[in-house]
Structure formats: C-alpha cells, structure tokens
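Q: If you want the building blocks of each chain, they are given just below.
Protein chains: 8
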Amino acid sequence: MTGTKEILEKVSSGQMSVEDAEKALKSGSYADLGFAKLDLGRSTRSGCAEVVFCEGKADDHLVAIFKRLYEEEGRVLGTRASEEQYRLVGDALGDRVTYDPISRILIAGNPGSEEIGKIVVCCGGTADVPVAEEAVETARFFGCKVEKMYDVGVSGLHRLLSKIDMFEGANCVIAIAGMEGALASVIGGLVSVPVIAVPTSVGYGANFEGLSALLSMINSCANGVAVVNINNGYGAGYLAAQINRLAVK
Amino acid sequence: MTGTKEILEKVSSGQMSVEDAEKALKSGSYADLGFAKLDLGRSTRSGCAEVVFCEGKADDHLVAIFKRLYEEEGRVLGTRASEEQYRLVGDALGDRVTYDPISRILIAGNPGSEEIGKIVVCCGGTADVPVAEEAVETARFFGCKVEKMYDVGVSGLHRLLSKIDMFEGANCVIAIAGMEGALASVIGGLVSVPVIAVPTSVGYGANFEGLSALLSMINSCANGVAVVNINNGYGAGYLAAQINRLAVK
Amino acid sequence: MTGTKEILEKVSSGQMSVEDAEKALKSGSYADLGFAKLDLGRSTRSGCAEVVFCEGKADDHLVAIFKRLYEEEGRVLGTRASEEQYRLVGDALGDRVTYDPISRILIAGNPGSEEIGKIVVCCGGTADVPVAEEAVETARFFGCKVEKMYDVGVSGLHRLLSKIDMFEGANCVIAIAGMEGALASVIGGLVSVPVIAVPTSVGYGANFEGLSALLSMINSCANGVAVVNINNGYGAGYLAAQINRLAVK
Amino acid sequence: MTGTKEILEKVSSGQMSVEDAEKALKSGSYADLGFAKLDLGRSTRSGCAEVVFCEGKADDHLVAIFKRLYEEEGRVLGTRASEEQYRLVGDALGDRVTYDPISRILIAGNPGSEEIGKIVVCCGGTADVPVAEEAVETARFFGCKVEKMYDVGVSGLHRLLSKIDMFEGANCVIAIAGMEGALASVIGGLVSVPVIAVPTSVGYGANFEGLSALLSMINSCANGVAVVNINNGYGAGYLAAQINRLAVK
Amino acid sequence: MTGTKEILEKVSSGQMSVEDAEKALKSGSYADLGFAKLDLGRSTRSGCAEVVFCEGKADDHLVAIFKRLYEEEGRVLGTRASEEQYRLVGDALGDRVTYDPISRILIAGNPGSEEIGKIVVCCGGTADVPVAEEAVETARFFGCKVEKMYDVGVSGLHRLLSKIDMFEGANCVIAIAGMEGALASVIGGLVSVPVIAVPTSVGYGANFEGLSALLSMINSCANGVAVVNINNGYGAGYLAAQINRLAVK
Amino acid sequence: MTGTKEILEKVSSGQMSVEDAEKALKSGSYADLGFAKLDLGRSTRSGCAEVVFCEGKADDHLVAIFKRLYEEEGRVLGTRASEEQYRLVGDALGDRVTYDPISRILIAGNPGSEEIGKIVVCCGGTADVPVAEEAVETARFFGCKVEKMYDVGVSGLHRLLSKIDMFEGANCVIAIAGMEGALASVIGGLVSVPVIAVPTSVGYGANFEGLSALLSMINSCANGVAVVNINNGYGAGYLAAQINRLAVK
Amino acid sequence: MTGTKEILEKVSSGQMSVEDAEKALKSGSYADLGFAKLDLGRSTRSGCAEVVFCEGKADDHLVAIFKRLYEEEGRVLGTRASEEQYRLVGDALGDRVTYDPISRILIAGNPGSEEIGKIVVCCGGTADVPVAEEAVETARFFGCKVEKMYDVGVSGLHRLLSKIDMFEGANCVIAIAGMEGALASVIGGLVSVPVIAVPTSVGYGANFEGLSALLSMINSCANGVAVVNINNGYGAGYLAAQINRLAVK
Amino acid sequence: MTGTKEILEKVSSGQMSVEDAEKALKSGSYADLGFAKLDLGRSTRSGCAEVVFCEGKADDHLVAIFKRLYEEEGRVLGTRASEEQYRLVGDALGDRVTYDPISRILIAGNPGSEEIGKIVVCCGGTADVPVAEEAVETARFFGCKVEKMYDVGVSGLHRLLSKIDMFEGANCVIAIAGMEGALASVIGGLVSVPVIAVPTSVGYGANFEGLSALLSMINSCANGVAVVNINNGYGAGYLAAQINRLAVK
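Protein chains in written order, with our numbering: chain A, 1 to 249; chain B, 1001 to 1249; chain C, 2001 to 2249; chain D, 3001 to 3249; chain E, 4001 to 4249; chain F, 5001 to 5249; chain G, 6001 to 6249; chain H, 7001 to 7249.
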C-alpha cells in the first residue's frame, strides 16, 4: 500500500520494468507458505509484526510459521499455545523460545524489549488471571511497562479503592472481569485515560459463557470504555500497547 | 386452604351439611366478577391484599375491580395507571383516590399506613426514577419507612460512597439500574442486608430493553442479591415490605 | 469504610501520624496473598465471612485461602468442591474439615452454628436435589433452621398441597426448579413470606441450560418472588439466612 | 391427492382424454384469484374449510376471498379482523356476517353448527381473554361445546382448584397464559386428556413478547401438553376441535 | 383431589374421625421414598401411571423407584435409560424387564398391552430414528397401534407422497424432524387429524441444537399442529396415546 | 482496480505524469457528492450499476443521487421508496420516472431492458407478495424474464405441485416465505437449479420478525439453497439476475 | 413427478394396467432399505445424485447405503466421514474408494469427472481450510474446475488484492470465513458473479459458534451474496457447481 | 478521592475540624439538585466535565442541569437533544447555545476549544452519518482536530483505498458501520493506531437493531480494534479524544 510513488518514479526513469512494477503494486508483502500467507508487511503497516494464534494449528504448520516469522522479524509472539506446542517450537528454534503456562504465551526471541510508559491491568477475581496474564505478556512484548491489580472485584470495593494510586501516570487501564463485569464501569469512573474492557467467561448459569459480562461492558455508563472479545486478553494488551506508544512517543 | 379442620368439625357435629362442606372446601375465597376472579383471600394468605395492574384493563372492568376491592379491604393499590384511569376511578370512588404521575401509582383509601422499619431505594440515574418511585410508593403502601438515594450510578462512585451512612439500620436495600446494572453488585458488597435488584430498560443499543442489566444483576459477584423483572419497581417494593415486616415484627 | 471518625480523632489528638491515617483510610481490611485479596472485612461489613468458590482454583491457592480464612474466622465455607479438593484441604487443616458429596459443600471448622428461625427449601424433582442441598448447607452454616420439601413439582400438585403446613412459621422459602420453573409461582401464591427462586439447568432441549426456568421465575405472576442465578443454591441459602436473621433478631 | 384410481379408470375406459386426466391429476382443487389460491379441497382433505387470516389483507382481496369461500362452503371463519373489515365484508355479504370485537372473529354464514362433545378453555388472567375468546369462537365454529374457566392464574391456586369439576367429561383442555406460563403444567398434572398450551405476550420486561411463556410451556414437566404459537388462540381452538371430533365420532 | 364427598359422608356418619379425614383430604396419594415422592394417584387422575426419566438417576434410587411402581402398577415405563441401568433394574426385577437400545426405553412388566386405534409416526431422516422410536415405544406401552413412516424428509417429497395412504384411519400423526423441521407443516396440510410435531437436535451450525426446528414447527402455517420439546419423543407418544384413546373409546 | 497495466505503460512511455498516475491508481471511479460517494465503477466492476436504498434518505440527497446516477447510467433503480419520494424524484427527472406501490420500486429511465432467460419467483402467502414483487421488479430491471408462482405455501401442497411445470427451463428459483419458511426446502427438493431463499417477517409471536424463517432456510435439508436477509427481495432478484445472465450468455 | 403423460398414454393404449399405473404415479423412485429411503430419482430430478452425510450413521447402514447408491449411480459422494468409516466402506467396495482427511470427503468410484468452467474458493484463515476443502472436493465431484485462494482475511487486505486476477473468468466465488465474516462483503464488492458465503465456527467468545459470521454475511452490504449454513462447505460446493453448470452449458 | 493527604494535614495542624474533615472525605464533589447529583469532580477526576444525555429528560430538569454545569464549567455538551430542547436551553442561557440537528449535539458556551492532534472518523454509508457526526462533534468539543471519511463501505473498496493517505498522522480512527460492520476489520488491517468501532442499527431484518454489526466488530480478526455500544458516536468521540490528548501531550 506504500511506496506507490517510489515505484512509479522508478518506472518513469526506466529503473523498473512495467511488469515488475505491476507485480510490486499488486502483490504487497507477504510470504506464501502454501497453507498460509504470512503478512510480513504488518510491522511496517501497523507497527507490530504478525502474531500467531497457536490453538488448533497443525504441528508442521506452526513450526514453519514460527521459523519464517523469526527469520524475518527476530522475535515472534504466539498466543493460546499448549505445552506440547512449546516443545515443538523449542525443538525447532532452540532456547530462544520461552513459554508461560498461565497466559499460554509462547515467545521466540527476546521476550521483552525495553519497557516504557505505563499501563495497569486489573481483574475482578482469581479465575480471570489467565486472561489478565495474556494481556500483560502481550503488552510487555510490545514494549509496555505493566503494573497488575488483581482480585479487585466490586463486591469488596475497598480492595480496589485502596490501590487507587496505582492508576497515577498510567496511559491506559485494562479492566478484566467475568460474571456481571461491573469492574469496567467502576474503573471508568475513576480514571481519565482509556479503559479497555475484557469480558471473561468466568461464572456459570446465566453468564452464558461471557455474554453477560460482554453486554455489561458494552453498556457501561462510564465514559472512555471500549470492549474487546470475551477472554481476549491478547487484543486488549495489543491495543493498550498502541495507546501507550502514542503517549510516550 | 385454611379452616379445613373447622369445617370438618361442623360436619361431624351436624352444624354443616355435607353439600355445604364440600362447596366450602372446594371454593376458597374469591369474588367472581365474570371477567375476573378477585383473590379476596390473599390478604389473609399472603399478608397483602390483591394489587391491580391497571395498564390495559377495560374502563368498566377497572372501576368494578377497584370498587369491589375497596369494599372488601378499605384500601386498594393500583400500578401502571394512566391519568385517564385516575379520573375514572376517582369519579367512582371520590376523593379517597390519589394518583402520582411519576410512579403511576393509583391508590384508593388511605395511601400510607403507619410506616415502620426502614428500607433504602437506590437508583443509578435520573431516568430510573419512575421505577424507583413505583418501588417507594408500593413499599410505603405496605407500611415501610423508605429513604431514597437517587442518581448514584457507579460512574461517579463518590456520590454513592458519600451517602453510605444512609444504609445504617436498613432492613433491605432496593438497587435499581439500567445500562450495565453494576449498581446492584457494588451495593451488595457494602451492606449486610438483602439487596433486591431491579434491572431497568434505561439505555439503548445493546441493552436490549433491559436484558443487559438483567443478566448483569443475575450474575452478580456480590452475595445477598436477588432480582425481579425488568422495570418491576412494584415487585421490589412488595418484597422489601415483606422483609421489612419480618424484621420489625 | 468504617471508622473514619475514629481515625480522624486519633490524628487530631496526635495518636496517629498522617501517613498511617492515610494508609488506614485507603487500605481497608483484606489479606493480600499475591494471587488473591481475601476480604477479611466482609464478616464485619456484611455479617458473613468470605466464602470460597472452589471449582477451578489451583490446588495450592485453594489450600492457602482456606488456611488464611480459617485462621481469621475459625470456620470457612467452600462451595462446588470436589472430593479431591476435600482431601487437599483436609490434609492441610486436619479433621476439622467435612465434605458433603451431594451439595459439594466443603467446611472447615464447626459446620453448623446454633440454628435459629426457620426457612423451607423446596425443589421440583430429584434432579434438583444437589442445588437444594447446596442451599440447605449454606443456610445452616449461617445459622438457619432448615426444613426440606423435595420432589413437589407442579405436575402432581397434591404432593405440594399435602405438605402445605410446613410453610407455617417460615421466614423465607427457597423454591428450586428446572424445566418450566413453575414451582416458584405456585409457592409464591401460597405463602406470605419472601420466596427466593432458583432456576436449575435440569431438563433438556428448549430449556437451554436453565434459561427457560430463569425467564419463568423472573416473570412470575406471584408477588414476593425474587430470583438468583441458575443452579445458585449457595446464593439462595445466603440470602435466606440474611432474611432469617433479620426476622429472629 | 384423491381419486387417482377413478381418473385412471376413466382414461382406461376412454371416458376421459389423456390431456384432461393429466390436468386433473396435476391441478388439485383450488380457486386461483390471481392474488391468492384458495384451497377449496381443504374441507375434504382436512375436515375444515380454509380460514381467513384478515389482518393486513387488502380490502378488495379480503372481500373477494370471503365471497368466493362463502359461495363454496356456505360459511367462512375470519380471524384477527378489525371493525372496519367487518363493515366491508358485511356490506358485501349482508347480515349473514357477525363480528366479535374481543376475539376479533368475523363469521359469514351460520356462526355455530351443532355443538357437541366438550372442551374447556382456561386462561391465567384477564389480559389473556382476547386470546381465549379467539380459541372459544374457533372451536365453536367447528362444532365444539366449550366451557370457559378464566382468571385462574397459579398465584391464587384455589381459584383453579375450586373449578376442578369443570374438567370432568372434557375431551381436551386449552391452557392460555402469559408471564411465566405455569398454568399449562398445573392443569397438565390435573387432567387425563390432551392439554393444548397457548403462550401469550401478556407481561413485560423479560417476558420478551411471550418467549418466556413459550419456553415454559415447551419445557412443561407435565405429560400430555403440546404448544402452539404465542397468542395463537385460533390454532388451539382448531386443534381442540379436531380432538373433540375424534372423541365424539 | 377425588373422593372429597366420600370422605365427608364418612365423617358425617361417624365412620371416620375428624383427624383421619383431615389427613386424607390433605395428603393425596403418593409414596414418599425420602428422595422422591412417587405419584401413585396419577394413573387414576390422568389415565397413565408415572413414567421414570432414568437419565441421571442414582442407581439405588432408580431401582427403588422401579420396584415400588412395579408393585403398585404391575408395569413401569422408563425413558432415556442406559444399558447399565437396564442391567441394574433387570437384576432387581428379573426377566420381566426389557430394553431397547435405540429408543433407550426400559420396561418392567408386560411391554405392550392390547394395541388399539392407530397413530402414524413419521420422521425426516435416519438420524431422527431414536426420537421416533421413543415415541413409538411409548405409544405402544400406552396401548396404541403404531405405524412407522421413516426417512420421508421434504427434500425428496415423492417419498412422503408415495406413502400417503398410510395416513388413512390414523387418529393422530407424530411428525419428527430436525434441521428446518418442515415436515410438520407439510404433513399438517395433508391430514385431518392432530399432528404432534417433535423438533430434534439433528443438524449442525445454525440449527442451534434444535432451536431452528422448534421455531419452525411453532410457526407452522398448517392447522392442527402442536409442538413438544426438542427430542421429546416420549411426550409426543404419550399425547398421541391420549388422543388415540379418546378416539377409540 | 482495473487498468493498472495501462496506466503503467502510459507512465513508462511518458504519456502520463507520475502524479497523475498516482492519483489514478489510488482514486478509482466514484462521484463524491460530499454526503455520499457514488460508486460509478460498479456497473463495470460487477455488471450492475449502484442501486439506491431510498428509505430514510434526506429529500435533497435522494434527488441529487438519482440525478447524478441518471446522468451517468441512463437508468436508476431505487428500492423501498415511498409515494412521497416518487413525487420528489419525478419532479426532478420528469416522466421518465415510474413507481410501483406494492414493491415500492422507483425507477428512473427505461424500467425494463430486454428480458432474457427465465427465473421463477414463488411465495408462500399473499402477505409475502410485496417482498416477491421487489424481487420480480429487480430481476426484470436487470434483464430477466420472470414468472410468478404466488400463494403456494406448503400447507396446501397440491397448489405448488399443480404448478410444477413452471419450473421447466428456469435458471434460478426464488423461494419467499415467512412463518416456518418450509417452502424453500420443498422447492429445493424439486428443482435442479439454484434456489435463493428469502425469509420474510410475515407471521407473529415466535416468528421473531423473521428469525424463524431465516433459521429454517439456513438449515434447509435440501441441496442448492442459499439465503439472503429477511425481506430482502431486492437482494434475491439481483442474485437471480446474475445467475440468469451467466446461463444465457 | 415426471412421466405422468407417458404413464397415462400407456394406460390409454392398454400397455399398462390401471393398478400398475396407480402404483407408478404414487411411488416415485426410491430404494427403501428399511432404515432409509434412498432418493434414486434425485440425479434425474435435480441433476446430482443423493449425497451421504456420514457423521453419526450406523456402520452397517453406511455400508449398505454406499453399496446401493454405488450400484445405481457408479459413484457416490460422502461428507463428514471419519477414517474409520473410510476403512469400512473401503472394505466393502474395494480400492475404488478414496478419502481426504482434511475435507473428510469419502468418494466411491471416479472421484472427479471432467472439470469444466471455473469457480474460486476463498477463505479467511488457515483454520477455515477444512470447510474450504469440503467445498472444493464437492464442487470437483460435480464437475467444476476449482481454484483456491486461502488465508486472505481482511486484516491484511493486500493479500486478497494481490490475487484479484484469479477472479477473472470465474462463474461463482465461494467466500468462507469465521470470526466477523467480513470476507464475503469485500469479495462481493469486487466481482460480478454470485458469491456464496459460508460462515464458519472459527473464533471464540462472542462468535457464538459461528453466529457472528452468519449474521455478518446475511447482512452483507454487497450485492450478489447469499449464505449457507455454518461450516457447510458441502452446500456451497454443490450450489456453486449448479451455477457453474448453468454457465457452461 | 483526591486530597486525602491535604485534608489530613489540615486536621493534624488544626486548620480543619474533625467534623469538617469527615464530611469532606465522605462527600466528594457533586451538586445535589434533588432529582440529580451532578458530578462536578469529573473534569478533575477524568479530564472531561460531565456530559448531558438529553433524551427523555424533563424540561425543567434539563434546563437546571445545563445552567448549573454552565456556571461551574463555562461550557456544557449535551447529546441526543431535540430541536425543542435546544429552544428551551437557548431561552435559558441565551445565544451562547448552539445546536446541530444531524448529530443532535447541543452545546452551551464555546463549542470548540483549540483543536489539536488528529483523529479520522469513517463511516460505511450515508445512513451512518448522524452517528458519525455525534462522534465528530464530541471529539471536537474535547479539543480534537477531526477529519471525515464518509460513505466508504466495503462493498466499493476503492473508495476507502483512494482515501488511505488521510490516515497518515492520525492518533486514532473511529470506524462506524451498520449491516455487517466489516469496515472496522478492514481499517484495523490498514492502520497502526487504535481503531474504535461503532456498530450502528442501520440495516434491517437479521441485523437485529445493530446486533449483527456489534458481533462482527467484537469478533474482528484485525488487531487494535475495540468496540463501544450500538450508535454510541458520543462514546467513541470521547474515547478518541482521550487517546488524542495522550498522544499530543
């Protein structure tokens, strides 16, 4: 999508043939592995390299994707990875690979770059921790300084209120909760920076696998709250990192 | 359902015929107006006389029902009444009839008996006030002392926290909110008495006419919270009055 | 949230430093275990100590939480516990731990305090019994006298009607049913005390895991009925105990 | 669908040409009015003539359909008709047309044939009466003797129990209720004949326009209960008439 | 519910004490096994003895229920039984017990009484057969003559049309289908007797476990169609037997 | 998206400047009216010019859009137009504008080009006719020969079967139905060409504004059936015209 | 349904008896295996032989169906087959049977006839490939030339745009995507031939097993898009083959 | 929530009485108008003053709220205001009040402060413009420089692609779309800054008042996308302003 002018100037000056220019204009930048088209331009286009959703990938596909992205980018983030997938990728890429069983984050290369700015990741209960850790690890991978405020659900409000100073200086807050998902609204009313709300499937019965918390957060009466998919810690961490980068640039 | 023994003793002693006893055992206590069967035993059976849901009732039916219940009970509570219905019932029963256009409560006879105990009615925003007033008027009709805490939505938590002393001595709290309905959970975590949660249809979009608040409240992470139907201020007021009566008896 | 005045007086009189007062005002009362913040103030604030939802807790977390709460409170209630979790907690706390495999209630310390007042727990069918037992055990843990009326579903109404005397003197009735959940409305019409309705996921097909019973109970045509989450026997037992305590105090 | 053999015999014997036979075999029996195909064979095929759903029909279409069916059958049943439509059809067909504003039933010709057998139509509250009357009028049009048991909702069970003798001798019971729709299950447990359950949209909030009662009735714990569409009094009356006819034939 | 008059006459004549009469009037007729209340009056009250839903019953409960009902009624019908449950009940009651693994029907005593009248059970595809067989076995248990018309889904309409003569003389048709459930409407348009529609969960994707077929059948454009729960072959067979009995009595 | 090569060749040969080429490559072909971007390339890109969804458009916007498209294309199709909008556009473009109040189709310019091929548009009942006519008019606008088969709902199957010869030679069939939407499956089993199913919102109660028919059609057991949005006659007509054009080209 | 005239002529000329003609007219063409009615007329009626949905079929039924259809048609297509089912059918029919574990397509006889025309099968991500392959194999079985464009999800639009020439000459495009299903709309805006959209259940959380993609595709703002069931690659392939056949005939 | 330390120091130094300190600590900062509690601390706490949701407010309440906030803050933003409400507030506050009938934004005081940074507001079709304008006006009120990119729906992708340079330098993009809501995913794949997605209720049928677009956006396959409520242009504008402020500070 970029470089159109450059290509045209090369054609105009005869540095590039019409055929090559046509191909360049149309093909963009990706690696076609047959079973997948790796979006190599993404780190240029969107500031972050393509991330691998590991769950359900065939073993050989997963290894091939990690290898190719590692060659291109030097570091790769994988989400929803199993222990078994960790071993597979580790065998292929050696001890540059690390894995965290709670967040299920699998990283090849340097796990954390320099961490700058500040975001806060909050969650309502201990059952939300895996989602929270996915957000934390993702944000750190993309260079955020992260602080954690766990188990601060609204049924014991004083726990949250006692930690309120932690919000100071944060560029973004991630609010993660299941059940009735009230945490996002309460935090939204306390801070002046964006709140990214993550509904979780924690709960039972009429939580309908997270629908309850999702609707709650989408209907938040507080300002400055936006919502990502149920259990999508990764998405929240990524977005928080974007906001943090804007704030510290 | 009651008096079986008494009836049987009369039959045994010859004071009552088999036919009369059979009829008495089977018929219970209600007034059959043709179009309706007024449950006259309810005040004995459940402690509160039958209440009239006015919305959609035919004019002559409404008047007949109010008249008959007024004769039996001396006072009648009507909910969801229109101004026009107020005039109709007023014409029939005279100035013993009062009407409140916000709660849409229509009362024949003495509106409030002696008010005892204490309940607190809270709501999240000004748009929830009609539902809150329905709860307040109902609870007062059934003899509760009621205090109000309105516009204390969780997006400005300090408003609720500044009023926290009001909960002291309450036997029951009614928490009314639309949108994400988080108020119920927050209050549930602050008090040691039952919280009756009323979801309202206030909001728009993905609130789906109150479904969002309903699911939120049903999934509350706080203890001691139970839920009534969307916008059902009457039901909450009635239940609070039952609890209050138990506490002060 | 309490004691603000006391703290201020100590500061005013020099008994407490500004720094300590600030911390005290902000921190409230909880034990921070790292992975969890145990709400130690809850028994003061809401009359009942924090309860442990065991399902899905990591083994070491569960044991640590039980230990800490047991030290603080002398008795701990756990819900949705497995046999395996019973063994774990039993190994840590010794024979003060008891477990009921039907209700899946795990108790450390004295299971039942003195039982006062009276509540009645009803259920529609034998498949609802585990939920009913969770309600019974919870209410007993919090000091209620409980009577049971099981398998009184509305398809054989005479079973319920034959037991109707059992409601006498009850401060609260819990009505538990799956499928169409009609039991709550029928009982609501028979008693003059609060009815806490618990929809269960018992049934199949269009019961949609309890949604059918939930909607049924929320729309009850009877007065004095409020609803908790699907299968939430614990929540109903807790709320019934609150009401019972108000009534007998 | 019928008479195949007869047609073939005529062809074999030369009484009918191949062309005519082909047409006869393929065309069945209906009147093509251009905008509609009136199913004239239905009274032969299913025992009841086609019924006209009036709501939303264009004026001239409605009149044409009534006229044509009246010519064929001698009597026509229309449902969901307005006063205005009554005047239109009355102008076209004269005083053989009758209309009931509560059930919104419009009849051309003799409204009721000889009434035989017995069905009972029950409803929960006065707001359900229009649906109940649609069922009553339909069943009567198709020759049923009908008895009514209105306003017998389960919140005052003694009203229903006091009328229990009315079920004696019935071939079918129609149970009509909105809100939580519990009436169908309660009646299903009391009678030994089929119960046709009609959910209504009566209620508000989480009744979701009748969904609550529909799910309730579909999940009935009682035997012998089947369900028709929300507010479909006509469908229940028709089906009850079929069952009644089977029983008295 | 029955015999009130008889009891009263005995009291009047001194044959029965007031105390005994009171108990008799209140207790109805059921066997209280502790964990269950067996509805012994049901065969008197509704014409069919209580049926055992086996799925999920504890082993000892199941055996006790079968034994008690067998003693009372001489034959017992169990639905949704497993092979293992068959062995358990068989060990307890001997070779009077039979089991059909497709319908999962478990019968103690004489499986079929004399079969009278006629019903037809149709299903759309081979995957619907287990539900169909549950309907067939149930109807036969309650004395129906049953004919089967399987795999006649509407995508190959000629299969159904070629069997159309089978409907002749039937008192009731059961139409069983998953996916789009169109079979019920098509049959409803072809026959003049009641059609009981059974949606099944057969299908995938947007069938949402049978919701698609359920909505389809509830909205049928054909007359004389009523619907039971998803996969509820038993309920359809029971209701068909009621109708059949009315027709042949 | 087209002509990339041509543009590059012009740049290479100096016929076009780099700046002009960049603009041409990036801008595509649309008319920017400020409030709207008219997609002028669509007739080249997709074979059919942009169509105007009239409902809800501001008066001046509507007229401006019609004028601009009429200038470009010579004929314009508008859907969901009101009588009032017809007058507005008619005033602006004169008597080249025609309007059909049933389908609510508004056409500027020559309404029908030469009609080729053949499609058949079927609907279940008379209430579905407006949707059917929208499909018919759309398909004709795009050059299809259309035949109509209305009021052939499956409750009177012989009506459909008697018209079965009409399917001969059709390149595509559109099946339009509300309520249970069974028509699509029945037709899908009878023809060998694509069936485009259009669910309509015709019905009431549990049809949930067309959801019932939509699910029914998406789950069709017949092959060769695909579905468009509820009431989307236009979309079906457009797609049928595409298929018809492929077949006759 | 066909040949009515031929049969009648034979009867008229005495070549066929009335009895045989009646049977022929009524019976249509299918093989009744007892447990199933194989629709042998389908290849005549709809151009494609009956296809076997293998999932959940009993082993002996599956083998019998494959054998019978193979005898009749010479080649059989099975969908959603397991490896185990492949072995079973292979044992019965020998090496004429082939199986593809990704698409789970099982074919007896010549897998692909001559491939003509052109369709393009696109999918959004690698997790959608099994559904895509089902579409590909089905379309090839029915004689389509198929090209694949995989992993072209809209989050990296340049991948799709770089392949845009592949659409040239296609008679139909199949667009397969999970999550938000945006691919169908984007492709619908780029091509002038029918787009068959297949929502998949790929995703998590609020995708609700494919509902999200289904609603997205049904509401597509692009023209010429119609939708089949979630994960229904087979249905899309079949329909594409019908369109392709129309285009090349 | 702030200033605890300052208050304590004053108490410690005797500058403030214990009573005043207690009140100050508890009361926070709001104006209690009786019917409402205006959150005056919000501009300090969250950087933006309280905003007035005008729809449904009583006339005198609206005027009183505007007056009070205007006095405190000097400028007030009202959303979802009617023309009539504009006149009322204008009469009270004079010509400092402006109103935009498309966005329905009502502003008292200086409508726009200095506009800094850059955000881009995109929408899919002309029917989405009111929501887009609400976002634009809100963001401008809070000091954002805003650029608009309207009518760039994905069915004519070249319109969006031709404007792609507009994203350069933006700190945040708002993507507004109804129907299938695909715009958010496509933009999410093109930019490296946060995308705030706003589903709209534009569409019909299975869009279910915006549910379709909401689910689509929540399930976006693109990174860096978060979602606000249906039609919530205000919420998106507010959040974008927060992000913009972080980026330019």
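In short, the hints are calculated from the structure, not lab data. Possibly wrong hints are sitting among the right ones.
[What the hints assert, rightly or not] Residues of chain E placed beyond 12 Å of chain G at every Cβ, according to the derived structure:
no., residue
1, V4051
2, R4080
3, E4084
4, I4102
5, E4147
6, D4151
7, G4169
8, E4209
[What the hints assert, rightly or not] Where chain A lies over chain C, by a calculated footprint (3+ residues, C-beta under 8 Å):
no., segment
9, 2030-2040
10, 2128-2135
Backbone N, C-alpha and C fix where the C-beta goes; we use that ideal spot for every residue, glycine too.
Q: For every hint, state whether the structure bears it out.
A: Going down the list of hints, with the structure as the test:
no.	hint	result
1	V4051	holds, 27 Å
2	R4080	holds, 18 Å
3	E4084	holds, 21 Å
4	I4102	violated, 10 Å
5	E4147	holds, 14 Å
6	D4151	violated, 4 Å
7	G4169	holds, 18 Å
8	E4209	violated, 10 Å
9	2030-2040	holds (count 5)
10	2128-2135	violated (count 0)
In summary, the structure is inconsistent with hints 4, 6, 8 and 10 from the numbered list given earlier, while agreeing with the others.
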